[in-house]
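Visitor: Residue strings, one per chain:
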Amino acid sequence: MMLPDPLAQPGAWPAAAMIAAVVLASTTGEVLTAAAMKSIGDLDRIRAQSGFGAAVRAVLTSPLFFAGVFFLALAFFALLFALNHLNLSLVAPASASLTLVTNAIAGRLFLRENVDRRRWAAALLVCVGVYLLAH
Amino acid sequence: MAQHRLTARQYLILALVALCAPLGDTCLSRGMTRLPAIPIAHPASLVAAVFTPWIAAGIALLIAFFASYLTALSWADLTFVLPATAFGNVIVALLSRFWLQETVSMERWAGIALITLGVGFVAQGPSRTETASPGAEEAHSQ
Chain R
1 MMLPDPLAQP
11 GAWPAAAMIA
21 AVVLASTTGE
31 VLTAAAMKSI
41 GDLDRIRAQS
51 GFGAAVRAVL
61 TSPLFFAGVF
71 FLALAFFALL
81 FALNHLNLSL
91 VAPASASLTL
101 VTNAIAGRLF
111 LRENVDRRRW
121 AAALLVCVGV
131 YLLAH
Chain S
136 MAQHRLTARQ
146 YLILALVALC
156 APLGDTCLSR
166 GMTRLPAIPI
176 AHPASLVAAV
186 FTPWIAAGIA
196 LLIAFFASYL
206 TALSWADLTF
216 VLPATAFGNV
226 IVALLSRFWL
236 QETVSMERWA
246 GIALITLGVG
256 FVAQGPSRTE
266 TASPGAEEAH
276 SQ
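As you go down the protein sequences, you meet chains R and S in turn. Numbered as in our numbering, the first sequence ends at 135 without a single skipped number. Numbered as in our numbering, the second sequence ends at 277 without a single skipped number.
No lab work stands behind these hints, which were simulated from the structure alone. Accuracy of the hints is not assured; some may be wrong.
What the hints assert, rightly or not - Stretch by stretch, here's where chain R covers chain S in the computed footprint (C-beta under 8 angstroms, at least three residues): (1) 159 to 166; (2) 222 to 229.
Stated by the list, open to error - Not the full set, but computed from the structure, chain S residues with beta-carbon under 7 angstroms of chain R: (3) 173; (4) 176; (5) 181; (6) 206; (7) 212; (8) 218; (9) 233; (10) 234; (11) 236; (12) 241; (13) 245; (14) 249; (15) 257.
C-beta atoms are modelled at their ideal positions from N, C-alpha and C, and glycine is treated no differently.
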């Protein structure tokens, strides 16, 4: 039996909840941001035609973009909180690889992206790869 | 909207997306592990953490990541850009092996191989789903 350790990592459920919070917030943020950028159009082209200021203005006047940033900020603070309590070797691979899969699902459902077999296979390969690499 | 081939500049932006995110995360991790444990009852301590050097450096790198990420999302699908983000982990692992002379375990080499394979899969396909409005292309040709 192990002795209680004041520096011990949190249990499995709190750890899972912290990682789930990062994954949910970042997936919502990324989908909203991607939707905003899709509706704005090619930033390189806007910059080439109307200048850098116009490209910045196009982004900063999109409500969807700010909704996305709000959730990404939430994900950022959830990540800081998780890193303060859990090891990077758990938080980084778990949240990064889970986010890849949830984003593939959300990309198909909400952004109507053509997530074909190639992209599904890639999401799963990269998911396992990130886990192996950072674990 | 038939043009899906990326330009050299667009590959450069994807490279920035790939590099800045893992480097930024590493800085954040270094910064946060050096701080005392922050209880959930004191979320304000997280805001104070933002002004420590490692966290600030991490945030600067993540801002660079975000700018290039937004640019990439404006001409490519989310499910195309995200594997590129993951490829940054491969770059960091290779840097730590050949630059910092760290040992890379078999598990990590397997991870590098899988990510590279996955990114190769996606990169061979189109970067954008063909449902975008035709107006953008017309506006460009005018």
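Visitor: Tell me, which hint numbers fail for this structure?
Guide: Hints 4, 9, 10, 11 and 12 not satisfied by this model.
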